[in-house]
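Colleague: Protein chains in written order, with the working numbering: chain A, 2 to 472; chain B, 2 to 472; chain C, 2 to 472; chain D, 2 to 472.
Among the hints, a few may not be true.
Since the list gives no way to pick out one identical chain from another, each pair is judged satisfied if it fits inside one copy or across any two copies.
[To be verified] No farther apart than 25 Å at their CA atoms in a straight line, the calculated lysine-lysine pairs in the BS3-like style are these: (1) Lys172 x Lys130; (2) Lys201 x Lys351; (3) Lys201 x Lys322; (4) Lys345 x Lys322; (5) Lys236 x Lys322; (6) Lys356 x Lys384; (7) Lys250 x Lys60; (8) Lys201 x Lys345; (9) Lys60 x Lys236; (10) Lys130 x Lys166; (11) Lys384 x Lys26; (12) Lys60 x Lys447; (13) Lys372 x Lys236; (14) Lys345 x Lys372; (15) Lys60 x Lys130; (16) Lys73 x Lys345; (17) Lys345 x Lys356; (18) Lys78 x Lys345; (19) Lys322 x Lys73.
No lab work stands behind these hints, which were simulated from the structure alone. Small disclaimer: the values here were computed from a predicted structure and weren't measured.
4 protein chains.
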Amino acid sequence: MPHEIDDRFKEECGVFGVFLNNPEKDTDAASTAYFGLYALQHRGQESAGIAVSDGHQIKLQKSMGLVSDVIKQEDIKDLKGNIAIAHVRYSTTGESGIVNAQPMVFHYLQGMVGLAHNGNLTNTVELRKQLATYGSIFQTTSDTELVANLLARYSQDQLEDALAKCMIDLKGAFALIIITEDRLVGVRDTMGIRPLCLGKFQDGYVLASENAAMDTIGATLIRDVEPGEIVVIDKDGVRSIQGAVSPRKAHCVFEYIYFARPDSTLDGINVYQARRELGKQLARESNFDVDMVIPVPDSGTPAALGYAEEAGLPFQDGLMKNRYVGRTFIQPTQSMRELSIRLKLNAVDKIVAGKRLVMIDDSIVRGTTSKKIVEMLRDAGAKEVHMAVSSPPTRFPCYYGIDTSRREELIASTMDVEEIRRFIGADSLHYLSIEGMFEAMGGNAKNYCDACFSGSYPIGTESVKKKPVNE
Amino acid sequence: MPHEIDDRFKEECGVFGVFLNNPEKDTDAASTAYFGLYALQHRGQESAGIAVSDGHQIKLQKSMGLVSDVIKQEDIKDLKGNIAIAHVRYSTTGESGIVNAQPMVFHYLQGMVGLAHNGNLTNTVELRKQLATYGSIFQTTSDTELVANLLARYSQDQLEDALAKCMIDLKGAFALIIITEDRLVGVRDTMGIRPLCLGKFQDGYVLASENAAMDTIGATLIRDVEPGEIVVIDKDGVRSIQGAVSPRKAHCVFEYIYFARPDSTLDGINVYQARRELGKQLARESNFDVDMVIPVPDSGTPAALGYAEEAGLPFQDGLMKNRYVGRTFIQPTQSMRELSIRLKLNAVDKIVAGKRLVMIDDSIVRGTTSKKIVEMLRDAGAKEVHMAVSSPPTRFPCYYGIDTSRREELIASTMDVEEIRRFIGADSLHYLSIEGMFEAMGGNAKNYCDACFSGSYPIGTESVKKKPVNE
Amino acid sequence: MPHEIDDRFKEECGVFGVFLNNPEKDTDAASTAYFGLYALQHRGQESAGIAVSDGHQIKLQKSMGLVSDVIKQEDIKDLKGNIAIAHVRYSTTGESGIVNAQPMVFHYLQGMVGLAHNGNLTNTVELRKQLATYGSIFQTTSDTELVANLLARYSQDQLEDALAKCMIDLKGAFALIIITEDRLVGVRDTMGIRPLCLGKFQDGYVLASENAAMDTIGATLIRDVEPGEIVVIDKDGVRSIQGAVSPRKAHCVFEYIYFARPDSTLDGINVYQARRELGKQLARESNFDVDMVIPVPDSGTPAALGYAEEAGLPFQDGLMKNRYVGRTFIQPTQSMRELSIRLKLNAVDKIVAGKRLVMIDDSIVRGTTSKKIVEMLRDAGAKEVHMAVSSPPTRFPCYYGIDTSRREELIASTMDVEEIRRFIGADSLHYLSIEGMFEAMGGNAKNYCDACFSGSYPIGTESVKKKPVNE
Amino acid sequence: MPHEIDDRFKEECGVFGVFLNNPEKDTDAASTAYFGLYALQHRGQESAGIAVSDGHQIKLQKSMGLVSDVIKQEDIKDLKGNIAIAHVRYSTTGESGIVNAQPMVFHYLQGMVGLAHNGNLTNTVELRKQLATYGSIFQTTSDTELVANLLARYSQDQLEDALAKCMIDLKGAFALIIITEDRLVGVRDTMGIRPLCLGKFQDGYVLASENAAMDTIGATLIRDVEPGEIVVIDKDGVRSIQGAVSPRKAHCVFEYIYFARPDSTLDGINVYQARRELGKQLARESNFDVDMVIPVPDSGTPAALGYAEEAGLPFQDGLMKNRYVGRTFIQPTQSMRELSIRLKLNAVDKIVAGKRLVMIDDSIVRGTTSKKIVEMLRDAGAKEVHMAVSSPPTRFPCYYGIDTSRREELIASTMDVEEIRRFIGADSLHYLSIEGMFEAMGGNAKNYCDACFSGSYPIGTESVKKKPVNE
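Bound-form chain A, shown alone (with noise of 0.2 Å):
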């Protein structure tokens, strides 16, 4: 029931570091660390982890789990150091679990190393055999062990050539957060496609996935890292080199629609108003003869009421999400199976009876779940249902770091918008165009990934295909 309910794309990782100046008095960055990942476990609900240096040794505790159930007040006691890193990934099943879980921490010629990564390599098969010949093995399937392999055979070259050679065999997206003894490093991919910023915290910085971590403990954000930068941060303070170039980005776009916080800004733009401009542009684009908008919460909410603010239309919480929502793995009886999104959603009917509506959300996957919302509103006495998302129909997979599961269960890769509208039983269907989009986030299509949408995909991957997305 999960599945079919989470009809959504996955976020794979979350990233966070902190550097504090002071080894002798500064000893808690772990419960800083611990604070930020808390805010970033949207990205990642599978495993969390925190490693942290106190200027001579990494300790390291993860596990599977969210962030408190695998963080408690003791692991934080033993974890005493002024630098530390953290992880949280996304779910997925398996007893590969707990060995791919983040950050991994490394022995090698230059002492202690730790990292955490964020993306999805495209070139891992080559690598992984280039390696092999010299003589590496793997204990894991992950692109971090992969990454710190790598790292290990320019163990000659100080820590900041060897990351700068690793980024000229690494393809693929990847925000990449690493912890030594005494630095913290941040490194983002040559057209930036995962996000990373840095931000001030007291006397010393962070890194995150996304500001709205900084928020969350106080800190401020300065700035983005740029593609391909290489910051480091020691006890002097915050360097920057460039590790390789590349003659574009290549943003994505999917984090504005569906997968970062509202409250945060990522390359210049916030999220929440980034989704209100989509729902404004929305309502621009078609024309609904109906008596209200609702949102499909909470992720349709800002672009229904950019929706309902542009088209001149009330906005009503027509569906009700249930706020304590767990998992559950009890199977419903046969009678009831239909009804299961309703452990979720629930439509008032006092509100939506006798009504024309439309519905916004942000993006369809499978279709399954609109289809059940649909007829959720039917039932509760709905006169018309139309439906409205705020994104184009996304119908290539992603490979560089979002779970969008197989081509051929995106249902805009196989149906038309007509034949979706006919199987999720609306009496009418809109899609955001990518033009539309574009406008909506400012005009600088060039700047972004659109891949799951257009097919355009910015860096080669021959060699992603061949393994499983999510190895």
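For this one, chain A is given, so just place chains B, C and D on it according to the hints.
Modeller: Relative to the frame of chain A, chains B, C and D by itself:
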């Protein structure tokens, strides 16, 4: 930390019952009860339990935790039967936890009986003493065990007669669901303080604290159980007995303001619509010269939408909830202590910066959270922060099943509105009037218990003051 | 698998109590009770619990599992007080588990009271019916809750008088330890079937099923509690009341043969020495032409040593126990099924190969284990395998607190000695005679209950046959 | 507390492997490995793990805890395959726990490989440095990961050749079991310090630290793996390669004295018989004028039986073990502190009172436990307490896989026999001589490592002294 942030009144409990007609074929009442309970999770997160009868004996599964933690697929398999009752309980602490969890199941002269109870009795001290004199022993401090002992006093009577006698003895608020080997019974106190409703489910019937639980499983609301009514459901259908009579009703008005789900309709009034109307009335009573209305999510949202509509002001989601907040027991360091509210909420600075705004919440308990939100909005650049509350000041403790903490912890019991405004740091503060509240609710003030606002308790409370509220 | 290998009678329970003199200074009775209970772990591995009084109230900690799993350091800290009782219970299965765990604590007219019980009542059906007629309710099926309800019937009396009245009502075997706010009480049934002894500990006193528990904590045995005696310990010291009188004693002889620890001395007879004497007597009654004596470890060892000494034969450890056997629930594949005994025991082939030997065990229950051991010894090359048992054939079930399974499972109830010999595959088989057993025990046959051998039950057993033994 | 009582040397690990012939039909190697491991539980209680190959890939299940805690029926189902290796590890503490658990499984150039290791390498510091220079990274501090990295250096070679090269690099003690997709390999260090044997099981083969594990599953011992031998088992049967040659053998003599199971036969000598002979030799070397011989159970029992037989003295179980001792972490109060040994052992006063006795133990580590036992025997009334030890004084730490603690903790490294006698409070004390030990073992002193007694280490130990023994 959970306490300081969770600055809300706590509901005590939720109850659910289901009767399926055919003990041979309908053996999966437990699964229905599970999903019904799941929909009532907001009424209690401490413990959950289900008791099931197969016509011969009653089996029980209960434990500390959320419904989905407590009941597993294998439990459902073990709990074969056509009748079930279920219970969720609000989180308190201490060793008494599991022994006070419900339902409770007993052997007595007539066979087995199980009880699930929402509410609070006000004459327990007298009743326990009286029963002990006859030889009763108590393993817990719960009202439920007390009711069971009382019932056993009348064990020579038919169950309906015994219950009618119990209703004469029992003072206070109670919505009680009872299971025997072959019957499901619902009882509501004579003033109808706590909600309880009756619905049709397939060939049988359900009882629930709120009808949203019926929507979840595909059942249909028939009607509310009447104050003082005993509803008996067995193989012959539904039978109603008037157990005791009171000159007035006293439905808890706070169910509409905060506790119940917006998609529930209690005693004829839809909760979402009531909240919207409370917001509209609040707009009519107040007059803020501001740029926008923002809700304190999630419970303040319906009133804020109503307020914005009535006042003709823009509605914006200026405060964002962290969707994945779990319980955390990590102590923040001194430097982060003031930020703890940000684990749950964050202001979207791009929206509120430079703006004059009114924030809408449903109530203020201790005021500490409101104070932090006001600070956070100012930190995010808000020019003016006004606050309007969609209920009157809560100045008196509840003795009928709501955990309001002690009176001295209620900010409105020790400060006037101007003092509260200064404490929370708002530019101005407006509470809804008691009269306005009842006007928004449709006018029948005398049908509701408003003791937490007015101090006018519909039932004597002497005895209850001798015991801790949560026992 | 555990069942087939664990082919032994099961003890039901062990009880322990401690009274320290000074409620202000001696607040650590819980820790003493913990170590006392730890020493009685062999009497029950299902659940463990400790109840403690600090003079004002009784606190309780109990759970399923071994003592060291159930009671943690933080529990000990929470259980401050100068009086404690403790209980271990033999492993049964099913949901009734935790509700039947002991001690049980109750509120009644006189205040709080806690009970821990070893034994089995034989008139529970009658007593429960009688109490229910007066209005008693039962949450469990345990004898302990029944005794508490009975006690509450006499709650107008002083505790000693109430207990004396209870002893008239209660039939069967019971060693009962009771805690109130300010007293520790021990009660033993009128025939003294189950053991209970009194000791001196520092300035206070202890009660325990076996005095080995006193050795463990550094207490000293004073004497056994007499059959029918009520021992009351409070700040004025120890007081003895003769509760009820029986014309005879009936100490369980199986405590000496198998259950009790060898380092305990029960009712004047040391268990290790009794076992050695039983072995010597067995040697005098039998005559095997063999090369060596080997014990079935561990319980057969003392008798085997006595046998070897009396018979003038070499004693060898021909069977080795796996020291780290835990519970395993893995199903062996078909090809390994017959080998399951080898998880626990292994024959040392270098010792037994080519030898004629007699193996000594304390008893045979179903015979399946003996059969496997004989096979294993033959597989290891033994030329002849004879068996001698240091007790008579166990042909009748116990109704006084021992789990003997049903009668039809006792091999000696359906087969004669020659048939048993053939079943287990031994070259010859000899059981100790009943007369020989009592001679080895010192001669006073009339002081013991030997119902499991003779079928002569000292107390009527009609009622008990109506209920499952383990309820 | 566990530490003070557990005053014994600790074995580091036990290993087991099984190869079944038919990958299509024999898919339950995991279950065989489970029961084999279960029989080796005495060699390590910290962690347990099983790795299984189905011909295509290797799956792994491992965790902290006993075998029966770590491996569940559903794990066995998931671990389908015809080849398995398994490992138990001695309990150490700290976060490194799970990462150092075995088996470890790696991807390398040739595919997948899993390793399970018993022993300790003495040149790890040099090897790690050398490998890191080539680019190796280490996630753990375990020897096993080091061996895997070394193996990967030679990944262009056939596995047998690569292993032969590894044996030239590796110094120290190792009994290594390796699994690949289609092979099972056993390797023993060139002196044969740690035990490893080969057996026949159904159509296939097993490898195990001790042959007692073969008895448990119904396999038959073929022979010991030779020092320096590489045994390769695949579908073509067993193949033997002589990996490296040493001028001498150095079987660990302490395996016979204490570690191995009495029912095992290592390198031709049965452990139980060896212990008995050590006891007899001890009797020949000493001369106590006493009434009886008592063992310190369980490990002192075989020597005590041999002693009693040779000396013509009665053997009595004067010390009784608590059969159900688990780990306890409860702190005893001050007044009970001295009694902690009594949680494990108790003197039977009826046996020892008034008697002159000699107690036999296999070794003395720190002496604290012996001291407490002597006191306990005197408290129980023993007139004289003499002690005889069935091995020479242990004066030197082990660097070959046994946790002997640091040298300064070994009482015999800082005191002479008379000082030890005074410390433990015995009336007299006799240790077996080194010469006597080897005479009892059959005379071939030069085949054994006796470094812990003689300080004469068969392999250089410089490197190992730089690292903590338990890493």
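Colleague: Please go over all the hints and tell whether each is borne out by the structure.
Modeller: Now the hints, each set against the structure:
1. Lys172 x Lys130: within (15 Å within a copy, 30 Å between copies)
2. Lys201 x Lys351: This pair counts as between: shortest inter-copy Cα distance 19 Å, intra-copy 49 Å.
3. Lys201 x Lys322: Between copies only: 23 Å across, 37 Å inside.
4. Lys345 x Lys322: For Lys345 and Lys322, both the intra-copy (6 Å) and inter-copy (17 Å) Cα distances are at most 25 Å.
5. Lys236 x Lys322: neither (48 Å within a copy, 35 Å between copies)
6. Lys356 x Lys384: Within. Shortest intra-copy distance 5 Å satisfies the 25 Å Cα cut-off; inter-copy 39 Å does not.
7. Lys250 x Lys60: neither (36 Å within a copy, 41 Å between copies)
8. Lys201 x Lys345: between (39 Å within a copy, 22 Å between copies)
9. Lys60 x Lys236: within (20 Å within a copy, 44 Å between copies)
10. Lys130 x Lys166: both (18 Å within a copy, 23 Å between copies)
11. Lys384 x Lys26: Intra 65 Å, inter 38 Å, cutoff 25 Å: neither.
12. Lys60 x Lys447: For Lys60 and Lys447, neither the intra-copy (42 Å) nor the inter-copy (45 Å) Cα distance is at most 25 Å.
13. Lys372 x Lys236: neither (56 Å within a copy, 37 Å between copies)
14. Lys345 x Lys372: within (14 Å within a copy, 32 Å between copies)
15. Lys60 x Lys130: Between copies, since 21 Å is at most 25 Å while 30 Å is not.
16. Lys73 x Lys345: For Lys73 and Lys345, only the inter-copy Cα distance (19 Å) is at most 25 Å; the intra-copy one is 29 Å.
17. Lys345 x Lys356: within (22 Å within a copy, 35 Å between copies)
18. Lys78 x Lys345: So Lys78 and Lys345 pass the 25 Å test across copies only (24 Å; inside, 38 Å).
19. Lys322 x Lys73: Between copies, since 23 Å is at most 25 Å while 30 Å is not.
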